[in-house]
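Engineer: Same order as they appear, the protein sequences are chains A and B. In terms of this note's numbering, the first sequence is residues 1 to 307. In terms of this note's numbering, the second sequence is residues 1 to 449.
To be clear, the hints were calculated from the coordinates, so they are not data collected in a lab. Each residue gets a CB set at the ideal place from its N, CA and C atoms; glycine is no exception. Hints may be right or wrong, so weigh each one.
If you anchor each label on the Cβ, the simulated ranges turn out as follows [unchecked claim]:
1) B/229 with A/292: 15 to 23 angstroms
2) B/81 with A/189: 22 to 30 angstroms
3) A/292 with B/313: 21 to 29 angstroms
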Amino acid sequence: MEYFAQQLINGLTLGSIYGLIAIGYTMVYGIIGMINFAHGDIFMVGSFIALIAIIAIGLSAATPFFLMVLALLLVLAIAMVLTSAWGWTVERLAYRPLRGSFRLAPLITAIGMSIVLQNFVQIAQGARVKPLQPIVTGSYILMEKDGFVVSLSNIQIIIIVTTVGLMAVFSLIIARTPLGRAQRACEQDRVMASLVGVNVDRTISLTFVMGAALAAVAGLMYLLYYGVIDFYIGFVAGIKAFTAAVLGGIGSLPGAMLGGLVIGLIETFWSAYFTIEYKDVAAFSLLAVVLIFLPEGLLGKPEVEKV
Amino acid sequence: MAETTLSRVNGTPEAVSGERRTTQAFKESLIAGGLAFLLSFPLLTHRTVQQAEGLVLEPRWLWGVIAAVVVFAGRLLLHFLVWDRQVVRAPVAPRLWQGLAAKPAPLSVWVGPLLLGLALIFPFLPFVDRRIMDLAILVLTYVMLGWGLNIVVGLAGLLDLGYVAFYAVGAYSFALLAQYFDLGFWVCLPLAGILAAFWGILLGFPVLRLRGDYLAIVTLAFGEIIRVVLLNWYSFTNGPDGISGIPKPSFFGLEFKRFGDNTFAGFFGIEYSTLHRFIYLYYIILALALLTNYVTIRLRRLPIGRAWEALREDEVACRSLGINITNTKLTAFAIGAMFGGFAGSFFATRQGFISPESFTFLESAIILAIVVLGGMGSQIGVAVAAFVMIGGGELLFREFAQYRMLVFGLAMVAIMVWRPRGLVGTRKATIAVGERKAIGGDLVGEGHG
Numbered sequence: 001m002e003y004f005a006q007q008l009i010n011g012l013t014l015g016s017i018y019g020l021i022a023i024g025y026t027m028v029y030g031i032i033g034m035i036n037f038a039h040g041d042i043f044m045v046g047s048f049i050a051l052i053a054i055i056a057i058g059l060s061a062a063t064p065f066f067l068m069v070l071a072l073l074l075v076l077a078i079a080m081v082l083t084s085a086w087g088w089t090v091e092r093l094a095y096r097p098l099r100g101s102f103r104l105a106p107l108i109t110a111i112g113m114s115i116v117l118q119n120f121v122q123i124a125q126g127a128r129v130k131p132l133q134p135i136v137t138g139s140y141i142l143m144e145k146d147g148f149v150v151s152l153s154n155i156q157i158i159i160i161v162t163t164v165g166l167m168a169v170f171s172l173i174i175a176r177t178p179l180g181r182a183q184r185a186c187e188q189d190r191v192m193a194s195l196v197g198v199n200v201d202r203t204i205s206l207t208f209v210m211g212a213a214l215a216a217v218a219g220l221m222y223l224l225y226y227g228v229i230d231f232y233i234g235f236v237a238g239i240k241a242f243t244a245a246v247l248g249g250i251g252s253l254p255g256a257m258l259g260g261l262v263i264g265l266i267e268t269f270w271s272a273y274f275t276i277e278y279k280d281v282a283a284f285s286l287l288a289v290v291l292i293f294l295p296e297g298l299l300g301k302p303e304v305e306k307v
Numbered sequence: 001m002a003e004t005t006l007s008r009v010n011g012t013p014e015a016v017s018g019e020r021r022t023t024q025a026f027k028e029s030l031i032a033g034g035l036a037f038l039l040s041f042p043l044l045t046h047r048t049v050q051q052a053e054g055l056v057l058e059p060r061w062l063w064g065v066i067a068a069v070v071v072f073a074g075r076l077l078l079h080f081l082v083w084d085r086q087v088v089r090a091p092v093a094p095r096l097w098q099g100l101a102a103k104p105a106p107l108s109v110w111v112g113p114l115l116l117g118l119a120l121i122f123p124f125l126p127f128v129d130r131r132i133m134d135l136a137i138l139v140l141t142y143v144m145l146g147w148g149l150n151i152v153v154g155l156a157g158l159l160d161l162g163y164v165a166f167y168a169v170g171a172y173s174f175a176l177l178a179q180y181f182d183l184g185f186w187v188c189l190p191l192a193g194i195l196a197a198f199w200g201i202l203l204g205f206p207v208l209r210l211r212g213d214y215l216a217i218v219t220l221a222f223g224e225i226i227r228v229v230l231l232n233w234y235s236f237t238n239g240p241d242g243i244s245g246i247p248k249p250s251f252f253g254l255e256f257k258r259f260g261d262n263t264f265a266g267f268f269g270i271e272y273s274t275l276h277r278f279i280y281l282y283y284i285i286l287a288l289a290l291l292t293n294y295v296t297i298r299l300r301r302l303p304i305g306r307a308w309e310a311l312r313e314d315e316v317a318c319r320s321l322g323i324n325i326t327n328t329k330l331t332a333f334a335i336g337a338m339f340g341g342f343a344g345s346f347f348a349t350r351q352g353f354i355s356p357e358s359f360t361f362l363e364s365a366i367i368l369a370i371v372v373l374g375g376m377g378s379q380i381g382v383a384v385a386a387f388v389m390i391g392g393g394e395l396l397f398r399e400f401a402q403y404r405m406l407v408f409g410l411a412m413v414a415i416m417v418w419r420p421r422g423l424v425g426t427r428k429a430t431i432a433v434g435e436r437k438a439i440g441g442d443l444v445g446e447g448h449g
């Protein structure tokens with residue numbers, strides 16, 4: 001029971017990170033119907049930018065609490081802004097020229113962009129893993145029984161709270177702001193939206209920027225939680241986040257979050273109770289099963305077949 | 001100069017004065033350069049270095065400046081050399097390409113045999129050494145993989161991102177059969193093909209209902225599952241250490257060794273050279289690739305090939321005509337996978353060593369890029385794309401291996417943006433009622449069923 005509770009907490013933390021990445025997939029898929037294959041690598045870029053910012057600021061576990069909060073917020077802001085610039089550029093270079101082209105074309109350029117980002121970071125930062133000393137330390141003990149301790153660490157609290165907060169903010173943006181209205185209009189009918197005065201290109205660009213900013217948050221959280229990153233983390237995390245987006249119902253924001261949590265929990269419990277080596281197989285198999293038997297996802301709308 | 005041509009061709013008042021255009025080009029290039037500098041900060045300008053006390057930053061502002069200057073200059077050159085001209089040539093260009101595309105027959109009539117003849121005499125050309133031979137074998141392997149995947153993607157219109165799985169199945173089938181049962185290359189080759197085809201059906205079955213990009217993601221997931229299993233099933237596949245000592249192919253029982261009883265050199269009474277084995281491998285992969293090509297061309301004329309093309313054009317119409325979609329899709333997967341398996345067992349025998357590292361998603365992406373950039377369904381296009389992407393990459397970037405994949409990715413994006421129909425243009429449907437539509441990537445992944 002204690003073991004289960006601990007795994008539940010770990011799974012929710014991991015799931016929050018996947019959920020943040022998944023939102024980027026689900027928004028882009030919702031609006032232009034393409035799998036932004038490079039999104040996982042945008043997450044990786046965000047993680048690296050956060051790492052560099054942390055080193056530049058000189059943040060460490062010894063930093064006093066108040067300063068640490070400020071510094072982390074600064075790192076977050078830097079990572080979000082610079083990663084958004086990457087997201088915008090990728091869309092501008094690789095996807096916008098192909099708008100209106102056949103469906104396979106942006107998928108190919110997305111794979112190309114993914115290769116470019118991975119190799120760019122590998123060249124610029126080296127192929128070795130980058131370990132970072134733990135910054136946010138400390139934890140609360142929730143339960144203790146027979147020497148087994150169930151603990152909730154500060155970093156886990158930060159991750160879950162940040163995720164829930166951002167989720168609320170972004171849901172509000174989509175539901176209440178003019179930008180969100182434009183996004184929903186583009187999602188329904190791009191031509192019609194442009195006819196009634198929505199700047200479609202700008203809306204799509206902003207969608208990519210929002211997705212990239214959330215990926216940067218996920219990148220910082222991943223870095224703080226695991227303390228190790230390399231140029232390849234984006235690929236597997238990207239596929240799992242995409243699985244989360246599909247599982248929750250692609251195009252649905254709460255669905256992405258829910259899917260992320262489910263994937264995080266499944267992966268954690270699989271590692272805890274079965275074999276850790278095959279945790280990726282579990283996630284990938286789930287992707288296949290969901291797509292085959294439940295293609296509209298948990299919270300998505302079933303797609304009407306048009307001839 | 002440019003704008004006079006423009007107004008003459010177009011007759012529109014759109015022609016802007018040359019000076020304004022230049023200023024605009026400069027302005028845009030400056031913005032692009034500035035953006036490049038922004039993006040290179042801090043990923044390029046600050047390198048994280050591992051030191052005793054932890055990670056430290058090593059500022060390299062020069063790199064950022066170089067990146068900005070390169071982007072600025074490149075954008076400016078593009079403005080003056082490419083984009084300006086495109087405007088001028090725009091009304092003429094399509095006619096030019098239509099002319100080429102309307103006569104695919106004369107082109108392939110002499111280009112095909114010419115390339116084939118060149119490929120046949122290639123090992124005996126005077127400049128060929130071991131390195132070039134090795135490269136030629138590599139390029140032909142990718143040509144074969146491209147042609148194999150072309151059956152699935154180009155003919156049947158099923159977007160497969162996990163093709164490398166069948167390549168891996170073929171390679172591991174041969175390596176394991178040789179290890180456990182001591183079988184030779186020629187016995188294992190068909191077995192590897194059959195096993196790969198079997199896996200093609202097995203993996204194809206669950207994805208029959210999926211649409212274009214969902215299909216792509218699920219096949220990708222299958223490819224990764226196979227790789228992870230190969231990596232972790234230590235007792236059977238030797239895990240990440242891979243399998244070594246895979247036997248080399250023999251020439252009717254004659255081995256390519258310096259010493260021994262049954263050596264190729266000894267039997268024919270020629271002086272031993274390591275190049276013999278490479279030439280032999282070259283002809284094996286050439287024969288395998290040509291077999292793939294021949295089978296594809298013949299299959300296109302059989303009912304199943306027609307069904308594939310019909311499926312690619314419109315799945316719903318295809319079904320309403322009574323074509324069995326399940327069988328049609330599964331045969332495409334199986335036959336494509338079979339050729340992937342052949343190529344895999346050739347890869348195993350050429351390397352003598354295989355490990356799961358050779359079968360990553362990147363390989364699938366490269367093979368798919370070759371098919372798409374080759375013009376989707378065009379056999380010669382696939383060969384040209386394999387030559388450009390693999391051969392060009394190896395020849396130009398041997399010294400800068402780490403930049404190779406970066407340029408590869410950029411080339412994928414650039415070719416797709418500028419020539420979405422592929423390097424060699426288009427191929428027409430084999431049979432059609434009325435007008436023959438050009439075949440392009442737009443037909444792939446558009447299954448509506």
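Engineer: Are the hints correct? Go through all of them and say.
Structural biologist: Comparing the hints with the structure gives:
The beta-carbon spacing between residue 229 of chain B and residue 292 of chain A, approximately 20 angstroms, falls within the hinted interval of 15 to 23 angstroms. Between residue 81 of chain B and residue 189 of chain A the beta carbon distance is about 39 angstroms. The supplied range of 22 to 30 angstroms is therefore violated. In this structure the hint that residue 292 of chain A and residue 313 of chain B lie 21 to 29 angstroms apart at CB holds, the actual value being about 24 angstroms.
The structure fails to meet hint 2 from the earlier list, while all remaining hints are met.
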